[in-house]
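A.B. asks: Protein sequence lines correspond, in order, to chains A and B.
For the first sequence, position 768 matches number 768 in my numbering, and the numbering has no gaps at all.
For the second sequence, position 43 matches number 43 in my numbering, and the numbering has no gaps at all.
What the hints contain is simulated information worked out from the structure, not anything from laboratory work.
The calculated lysine-lysine pairs, modelled on DSS-like cross-linking and capped at a C-alpha distance of 25 Å, are: (1) A/11 x B/61; (2) B/66 x A/11; (3) B/38 x B/66; (4) B/89 x B/24; (5) A/238 x A/723; (6) A/568 x A/719.
Restraint ranges, calculated between C-beta atoms of paired labels, are given here: (7) A/388 x B/72: 40 to 50 Å; (8) A/47 x B/100: 36 to 46 Å; (9) A/85 x B/41: 48 to 58 Å; (10) A/47 x B/41: 14 to 24 Å; (11) B/61 x A/410: 36 to 46 Å.
In this text, a Cβ means the ideal position worked out from N, Cα and C, and glycines have one as well.
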Amino acid sequence: MNFIDQLLRRKQMQDDLSEEIRLHLAARTEELVEAGMPRAEAEAAARREFGDVTQIEEYGREIWRWPAFETVLFDLRIGLRMLARNRSFGAIVILTLALGIGANTAIFSAIHAVLLRPLPFPQPDRLVFLSEASREIPEMYIAIPDLADWRARNTVFESIGAARFDNVVLTGRGEPQHISARNISSEFFPTFEVAPLLGRFLTQDEDKVGAPPVAIVSESFWTREFARDPRILDMSLKLNGESFTVIGVVPDSAFRLIFHSVVDVYTSLGRRSNELGADSRDEHPSIYAYARLKPGVSIEQARTEMTRLATQAAQRYPQTNSGITAVVEPLLLNKVEDVRQPLVLLATAVSLVLLIACANLANLLTSQAMARRLEIAIRSTLGAGRERLARQFLCESVLLAFMGGTLGVLVAYVATTGVLAMLLRLPPALVPRFDEIAIDHSALLFSLVISLLAGIALGIFPALAAYRADPSELLKENRRTTGSRLGHVRIRGVLVAAQLALSVVLVVAAGVVIKSLLRALQNEPGFRTDGLLTASLNLPSARYGSGSQQDALVQRLVDDVAGMPGVKATGFKSPPFFFPYEMQFSVEGHAKAKPGQEPFVEISSVTPGVLSALAIQLLEGRYLTSSDDENAPRVCLVDDLLAERYWPGQSPIGKHITIALTSRRQIFSATIVGLVRHVSNDVSGGPTLPGAYVAYAQAPVSYGSLVVFSDVDPAALGKALRKVLRRIDPDLALYDMQPLAELVAERRAPRTLSAILLGILAAIALLLASLGTYGVLAYMVAGRTQEIGLRRALGAPPRHVLWLILGQGMLVAVCGVMGGIAISVLTGRSVSAKLLGVSASDPVILAGVGGLLLAVSISACYIPARRAMRLDPLEAVRHE
Amino acid sequence: MKTTTQPRDLFPGALEMMILRTLKRQSMHGYALAQHIKRTSNDLLQIEEGSLYPALQRMLKAGWLKAEWGISSTNRRVRTYTLTAAGAKHLQREVSSFERMLEGIKRVLSPLKV
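This is chain A alone, in the form it adopts within the complex:
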């Protein structure tokens, strides 16, 4: 009879048995009655002969049981009963586990969604991201002739698609609106192997100069603007004043991740190649390439090949290409690079928290087992087998672990939703794929398995102790002294010290991140943000192709805005905030750097009003003025960072500087007329390049930001600004309109967020570590109650007792904290480089954290120590 069969037939078997016993008794009674016994007597006699019916039924039943399973159920019942009796113990264990597991599931779900989940394209691991690089710029746009060379000469790629950021105003459909656009090559979509939802993609002929204007729209644009009307094909869209025929609709799929934003319209790149510099290796016009490796080609092979091509180009065109290399990166890696480090840091932190939690649990369960030695002894003398006892302990800890795990899942859900809610408020460009985060089922399963394993692992120690225990020894042993047996205290001391050490590491890491964040927050960006509104503007090349056309429009716009009521200062600034132009420059009187090694400067082309609107501090010389126009001598301002580097201790005023504007052919030589305070373009606290400001009238750019300083409500001001622009040119649109303070906060948000998360994890670690310290000492004091009473009775002053206990706790605490600091210093070197200039072995942080943990552990020691000190000697000696 097999297992399941038995299980199913068990009830039947038991019923049969009861029925049989009943029939047996009836038969015997009948027989006795027939022999002349009165019925009542006969019944009693039959029962007597038979034995204890209930017990026999029970024995019979037991035979049909599935023993392992049912004793487990029984053990679980006992476990639950124990938990109910010892609620605070259970609560601490379950909470500890729940926090550990919940935090781990949340972070690993995020890691899986963001870093590990493959891109939703066929064979995504064959997709790579291509860019160029120079010594200073690790990721640079690709010059069009270089891209053409790669296409013609490479042997490793199946296809290379290219895409370029484009600024487009859509008109003819209500208010002019700025939409997100890309220029793509005909290979682009085929490289990703996506199929159009409707229509078709670009042909090779449409990817050439002089091709008819056609557009492909994204699924989200099609939904938003056309309510998914299939008649969109062959309709025309007016983009930057030119009519484009819609030829296809492409699914959004992962292009949002690829481009860090939702793209609305794709148009042909080849059509514009002349205007972008088809034959210039100098210009790097916002083009990146996306390639698919041939099957079987590794990324290393591709890198070797591309290095070969770049070297050839450098030999052939030393003027433009020396020092320029080609970079091949797995596409996914490239797209999630920025969040990789914070996530890995967080993952390390949560793993530490789980470790601390486990150490805490081991401690709690060990003390629990020690406290239950007597119970074990009694139960084993009463006949409980050792295996049976060990199994029960295992059962209890697995039960705890499972409850902790379940609660942990809940914590994970709450944590994930909470973190997600925070993240969704950030611009998508800053947090790729965070919208894809959901509780990951494999992460969840993993956590549950971990919790069960933890339970088993944690149960093994008490179980082994129970197994080894000799009941008679235990019973003989004085109950009151068991607690202070040296071996156990030592194990627990080591566990506590380990916890403390891990907490130090974690709190130090959190301290470092928080410190760098605080520094970034304290470091005012160097410009005014309150009362400032910014909005971007793009001037399409069709109507604003020349610098003077651009300048004319910008001057008129700035003049009109300046005349609006409530506006105190205004100007136009290119680039927009946080999209720095990094340009090469050279300084008169300093040796010219070799090609490819020129230093970089962050250059801003501004109208005079920008500097006063942003309140950028003038240190020396003068601001730019409206008389620095097209016909005036070229002038510029530099910041103190640059001046310090080239003219330390000297005034830079009157010196000459040469800047490569957009390309090396457009050289801009200017006299320095003013020195201003450095402005950090990276408000999150990272390193920044020195800055220089040129007059917009002398160096116009086709896009930038309008900056308005006013006391008008941003919404009302925004409306008014749009109205002003419409009057000047109805086909232009202001976009990304936002108070500057908000924009700055957004840029800081990811750092703030990881600092908050790390802070929370560090707080949990601190809490767990102090619970652990407290637990061990409280237990120790309880175990030594009698001894302490004796000491007191023999005349030891209370202070003495206090120091005795404190000293024992402090030894553990000091060992743990020193160990943690040592680990922090040792690992710090590798971590610090990644943490934006803040050293992980920062002595202030190390000392502070060490002090904090010592203080926490002293207070954890203090409560039990004080209890010991206050013990009434008489009562303590009598204490059972």
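Based on these hints, arrange chain B on the given structure of chain A.
C.D. replies: Then chain B, alone, in the frame of chain A:
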């Protein structure tokens, strides 16, 4: 785990052997089996009738016996136990090992007589 109490006068497995032996001759229902063992042992063995049933359950589970509900000669509803092939084999093994044991005991005890 709890173990079923055996009648004190019997060595472990004795009751099972007696049941197997009895059923080898003919199939019987529980009550008759109890009466038969009691009778043939001349009440020398102090067996509580009830303890037969857990033994029967155990043997059913081991597959040595089969049980079937039926009607007895006295027109009562009864459950008749029959020896299975496995049960017969087990009995044989048990008897021979029992005999070996008995032989051993005899030899240990016999020097007194020699």
